[in-house]
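K.L.:
Work out the full structure: start from the sequences and follow the hints.
2 protein chains.
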Amino acid sequence: EPFGDPQLGKIKAPSCVFCHGQTGIAVNPSYPNINGQNASYLFQSMKDYQNGDRKGPLAEMMKAQLSRLNDEDLKDIAAYFSSQK
Amino acid sequence: EPFGDPQLGKIKAPSCVFCHGQTGIAVNPSYPNINGQNASYLFQSMKDYQNGDRKGPLAEMMKAQLSRLNDEDLKDIAAYFSSQK
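Taken in sequence, the protein lines are chains A and B. Using UniProt numbering, read the first sequence as starting at 18 and increasing by one per residue. Using UniProt numbering, read the second sequence as starting at 18 and increasing by one per residue.
To be clear, the hints were calculated from the coordinates, so they are not data collected in a lab. Hints are supplied without guarantee of correctness; some may be wrong.
As the list makes no split between identical chains, a pair holds if one copy fits it or if it spans any two.
[As the list claims (entries may be wrong)] Derived BS3-like pairs: lysine-lysine, alpha-carbon spacing no greater than 30 Å straight-line:
1. LYS80 x LYS29
2. LYS80 x LYS27
3. LYS102 x LYS27
P.N.:
If you want it as structure tokens, here you go:
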């Protein structure tokens with residue numbers, strides 16, 4: 018079953034692109050490339066940031082970025098970046 | 018400057034391949050693909066696992082996998098998977 022809607026994900030991910038790039042190729046080598054990454058892994062990583070299972074300065078920033086997104090939003094965003102080459 | 022030695026990384030990463038695959042393409046969609054991932058990001062992720070900045074069952078397993086590796090090992094392993102297509 019489709020994991021999320023990539024078209025919706027692109028709209029819901031305005032702030033991600035500042036670090037992860039328009040199509041998921043990171044603007045800086047200390048951030049991960051997420052183009053073509055597994056959607057369920059991306060979703061779980063974002064959940065880990067939301068629930069504090071990842072610590073550290075970048076983790077705090079990610080938690081803030083994701084604070085207003087629900088699970089469906091996260092699945093759409095995951096589907097978007099996962100679908101990028 | 019080269020971040021690590023991919024040839025050495027391949028030898029030092031015998032257990033990684035069981036989940037991340039021979040060349041970094043995960044055997045299961047809930048694990049990340051790490052082929053072509055940014056080496057410094059991979060290194061920092063492994064350090065986060067070592068120092069407990071990542072929580073959860075998979076994080077505990079990763080911490081155990083990485084427990085006997087030093088920073089140079091991690092840089093070599095990061096270089097190996099980062100160099101894979």
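K.L.:
All hints are to be evaluated individually against the structure, with a verdict given for each.
P.N.:
Status of the hints after comparison with the structure:
In this homomeric assembly, LYS80 and LYS29 come within 30 Å of each other (Cα to Cα) only inside a single copy, at 16 Å, whereas the closest approach across copies is 33 Å. Taking identical chains as interchangeable, the C-alpha atoms of LYS80 and LYS27 lie at most 30 Å apart only when both belong to the same chain, with a minimum of 19 Å there against 34 Å between chains. Proximity of LYS102 and LYS27 under a CA criterion of 30 Å is satisfied in both settings, with 14 Å inside one chain copy and 25 Å between copies.
Going down the numbered hints, you'll see the structure goes against none, and every one checks out.
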